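I would like the entire structure built from these sequences, with the hints used as guidance.
Quick mapping for you: the protein sequence lines, in order, are chains R and P. Residue 361, in the working numbering, is where the first sequence stops; the numbers in between run on with no holes. Residue 1377, in the working numbering, is where the second sequence stops; the numbers in between run on with no holes.
The set of hints was computed from the structure by calculation and includes no laboratory data. The structure presented is a predicted model; accordingly, all values stated were derived computationally and were not measured. Ideal placement from N, C-alpha and C gives every residue a C-beta, glycine not left out. Errors might be hidden in some of the hints.
[To be verified] Residues from chain R shown here face chain P by an in silico Cβ test under 7 Å; the list is partial:
no., residue
1, Val175
2, Leu258
3, Gly290
[Unchecked claim] So the derived label-pair ranges between C-beta atoms look like this:
no., chain 1, residue 1, chain 2, residue 2, range
4, R, Asp245, P, Pro1009, 47 to 53 Å
5, P, Pro1147, R, Gly53, 49 to 55 Å
6, R, Ala282, P, Val1095, 39 to 45 Å
7, P, Gly1090, R, Leu38, 33 to 39 Å
8, R, Asp245, P, Trp1325, 38 to 44 Å
9, P, Leu1175, R, Met248, 34 to 40 Å
10, P, Phe1032, R, Thr198, 47 to 53 Å
11, R, Tyr333, P, Leu1175, 40 to 46 Å
12, P, Leu1024, R, Ala39, 55 to 61 Å
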Amino acid sequence: MKFGAVTERGAGGDAVPATQAGLLRRLPGLGVRLALLLALVWVLFLARGTPAGPAVSDPGRFVVTLLDGLTFAGLLFVVASGFTLIFGLMRTVNMAHGSLFLLSGFIAIRVQQAMVGKTRNIEAVDVGVLDWVVPLLVGAAAAALLGVVLQQVFLRWNQGQELRQALITLAISVVLADQMLREFGGLALRMVWPREVTHFLTILGQRYATSRLFMLAVAIVVGVALWLWLTRTRMGMVIRAGVDDESMVRALGINITLIFAVTFFVGAFLAGMGGVMGASFAGAATGSDGAWLLNSLVVVIIGGLGSIKGAVAGSLLYGLVIAFSPSYLPSQYTFYSIIFTFVLLALVLAVRPYGLFGRAE
Amino acid sequence: MTTRRLAAPGNAVFVALLGVLAVLPSFTSDYFINFVMTRTLMLGLAAATIVFLSTYGGMISLAQLLLFGVAGFMFGNAALESGARGLNLGWPAWVAILFALAVVTAVALLLGALASRTTGIYFLMLTLVYGVIGFFFFAQVVPVSGPGGVTSIAPPALLGAEVRLYYAGLVLSALVYVGFRAVGTTPFGLALQGIRDDPVRMASLGFNVPLHRMLAFSLAGFVAGIAGLLNVWWNGQIDPASISIGPTLILLIIAVIGGISHFEGAWLGAFVYVAANNYLRALPFVDRIGITEARFNSVIGVLVLLIMVLSPEGLVGIVARVRGWRGRRPTLERPIEPAPSAPVRDAGVGAADQDHASTATFGRSVALDETMEGTDP
Chain R
1 MKFGAVTERG
11 AGGDAVPATQ
21 AGLLRRLPGL
31 GVRLALLLAL
41 VWVLFLARGT
51 PAGPAVSDPG
61 RFVVTLLDGL
71 TFAGLLFVVA
81 SGFTLIFGLM
91 RTVNMAHGSL
101 FLLSGFIAIR
111 VQQAMVGKTR
121 NIEAVDVGVL
131 DWVVPLLVGA
141 AAAALLGVVL
151 QQVFLRWNQG
161 QELRQALITL
171 AISVVLADQM
181 LREFGGLALR
191 MVWPREVTHF
201 LTILGQRYAT
211 SRLFMLAVAI
221 VVGVALWLWL
231 TRTRMGMVIR
241 AGVDDESMVR
251 ALGINITLIF
261 AVTFFVGAFL
271 AGMGGVMGAS
281 FAGAATGSDG
291 AWLLNSLVVV
301 IIGGLGSIKG
311 AVAGSLLYGL
321 VIAFSPSYLP
331 SQYTFYSIIF
341 TFVLLALVLA
351 VRPYGLFGRA
361 E
Chain P
1001 MTTRRLAAPG
1011 NAVFVALLGV
1021 LAVLPSFTSD
1031 YFINFVMTRT
1041 LMLGLAAATI
1051 VFLSTYGGMI
1061 SLAQLLLFGV
1071 AGFMFGNAAL
1081 ESGARGLNLG
1091 WPAWVAILFA
1101 LAVVTAVALL
1111 LGALASRTTG
1121 IYFLMLTLVY
1131 GVIGFFFFAQ
1141 VVPVSGPGGV
1151 TSIAPPALLG
1161 AEVRLYYAGL
1171 VLSALVYVGF
1181 RAVGTTPFGL
1191 ALQGIRDDPV
1201 RMASLGFNVP
1211 LHRMLAFSLA
1221 GFVAGIAGLL
1231 NVWWNGQIDP
1241 ASISIGPTLI
1251 LLIIAVIGGI
1261 SHFEGAWLGA
1271 FVYVAANNYL
1281 RALPFVDRIG
1291 ITEARFNSVI
1301 GVLVLLIMVL
1311 SPEGLVGIVA
1321 RVRGWRGRRP
1331 TLERPIEPAP
1341 SAPVRDAGVG
1351 AADQDHASTA
1361 TFGRSVALDE
1371 TMEGTDP
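So, in structure tokens, the structure goes:
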């Protein structure tokens, strides 16, 4: 790129010969490939003294870790796709995404308690499919409605002022977190999976919970539905056109304000769905909002803001890193696994500052 | 610097304010000095680094509290001889101080290098991710801290008495305030402001855009580290919860309350925050409308929401605007404005360039993602 050459010359103080500059530019890419190769060799053959052991000698643990990564990636995708959908069209970074996630989880738990008729010690046998699906829809719809209200009241009139919108949604997330703490208390609550999916499979000698696979299935259904909506319907086409050139869409006489509201509804609905799945998977507690804002941010920073493809890629990479790093680090260093999230981020950003599928504007 | 500029009204106010603050401990209670003013100075110092990056670099950083915390953790680990947790290196205080500041600067350099090719909203998100990863790092890595944090950290003997910590905060705040403003007039600071306004043009003029951003981030990290040292001496302990996402947002909120494009705003915002934190519950009417101390975050959140909705320039911006209404030119700009030739891409930004150059931070098109330096294949 033109400006890249200028910058490199600036860094060196002098003109750098073309081949050397090319090598410099390829260096991060080569580094990433080398790092991937090393990680693969380590996991497959060398990882002795780790909780899981090398994959060739314990394939069961490897497959289970892989499944853990994939199922978690499914949940990540549901949440982050809502985040990236909103940004892609409106350039709004919704910092309250995690709050919508948590609120929906709490509401769904309340609804499930009311439907089952118990407030504590709900067992999987008490829960039918409807006792899970109805709370899911109620919780996600509540999050979606709140999302639309926030968009109409606080974001509609300052469209385009990205940082101001980010700070407004940050303030909203602080208020929501505090009010949820007041309403739902500080203890972790749990949503219960329906009894139909609460079983264990045996995979290569390892027990594996069906509910995690169910979570992955839901995520795939959501992903396919989202893809069909965006590519096969008129509204999806308008949204994609709006991502590329908002003012042109407006000039063609399409009511983009309505499209904005619908997109925000869908984005917040996805956050809410993810919230209910997350509450079933790991429980809902104060602090999950921040953790899931972080998760969404990491996924979209890796994948590229505004790109659904990027959300898939980012979820997979981040999910796998989260699953593999604690299992394949030497046992006494397991607590350093958080560093690998940072390493993943650093590797991606070193090669592509705007994420894998992101575009500089 | 000419006499005329030295005698400018802003400088006179600054010196008078310093004088008042210097004699303040003789007139007010120990509680006020220790729990309101010292905290104000520490948090103001940390928030000033956010203002510095935002004003000169157009980068809103959420990683400053992480760096603030890193300094505290490093000092605690290095200075303690025997404690329940941490490395307990038992080094002399001044070695521990140097070590903490060196680590903070190195971390800031690394994080800055990684973030230096992004701006605007990307930078905000990336630094938020830094902050949260940092929190998890200290919460999980037991040898350095673990969830309980490092406790019973004593300040160096020189700063033993509580009032001395106040004076240390005052002197450092004054130095940083003057220093940050002075940086704006150096070639480095001017280049940084040029990069804020038009990175592509600066790159084509031969300036190394990522390097400037990285160095600015390191300088801000160093100062945040100093604030973090004061904090750990004042607090006597540091735990990961104190750098979690909530406090991270609070520090940004402090900068926003005061006005994110004015250095005065950092300390003003810190004062408003700390005072509200200490005295809100003492107001007679608040518990009747359901605001107790436990709901403090809601109050702060609503306050920030109001400020962002009404006036993104914060309290200092409101003051400047009122002055503007009274027909006087606001005296709050930086000493030297960047050359007015910055390309104007829309009317909002054009207006911003005149009076408060960094209103531009909130405009849509300025400096956001315009960077195209290299490596995109």
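Status of the hints after comparison with the structure:
This hint holds: Val175(R) has a C-beta 4 Å from the nearest C-beta of chain P, less than the 7 Å allowed. This hint is violated: Leu258(R) has a C-beta 22 Å from the nearest C-beta of chain P, more than the 7 Å allowed. The interface hint given for Gly290(R) holds, since its Cβ lies 4 Å from the closest Cβ of chain P, which is under the 7 Å cut-off. Between Asp245(R) and Pro1009(P) the C-beta distance comes to about 49 Å, which sits within the given range of 47 to 53 Å.
For Pro1147(P) paired with Gly53(R), a C-beta distance near 28 Å fails the hint of 49 to 55 Å. One distance hint, 39 to 45 Å for the beta-carbon pair Ala282(R) and Val1095(P), holds here, with the actual separation near 43 Å. Remark: the range hint 33 to 39 Å for Gly1090(P) to Leu38(R) is upheld by a beta-carbon distance near 37 Å. Taken as a hint, the range 38 to 44 Å holds for the pair Asp245(R) and Trp1325(P), whose Cβ atoms sit roughly 40 Å apart.
The hint said 34 to 40 Å for the Cβ distance between Leu1175(P) and Met248(R), and at roughly 52 Å that hint is violated. The beta-carbon spacing between Phe1032(P) and Thr198(R), approximately 59 Å, falls outside the hinted interval of 47 to 53 Å. In this structure, Tyr333(R) and Leu1175(P) meet the distance hint of 40 to 46 Å, their C-beta atoms being roughly 41 Å apart. At about 57 Å, the CB distance of Leu1024(P) to Ala39(R) agrees with the hint of 55 to 61 Å.
Hints 2, 5, 9, 10, counting from the list given before, are not met by this structure.
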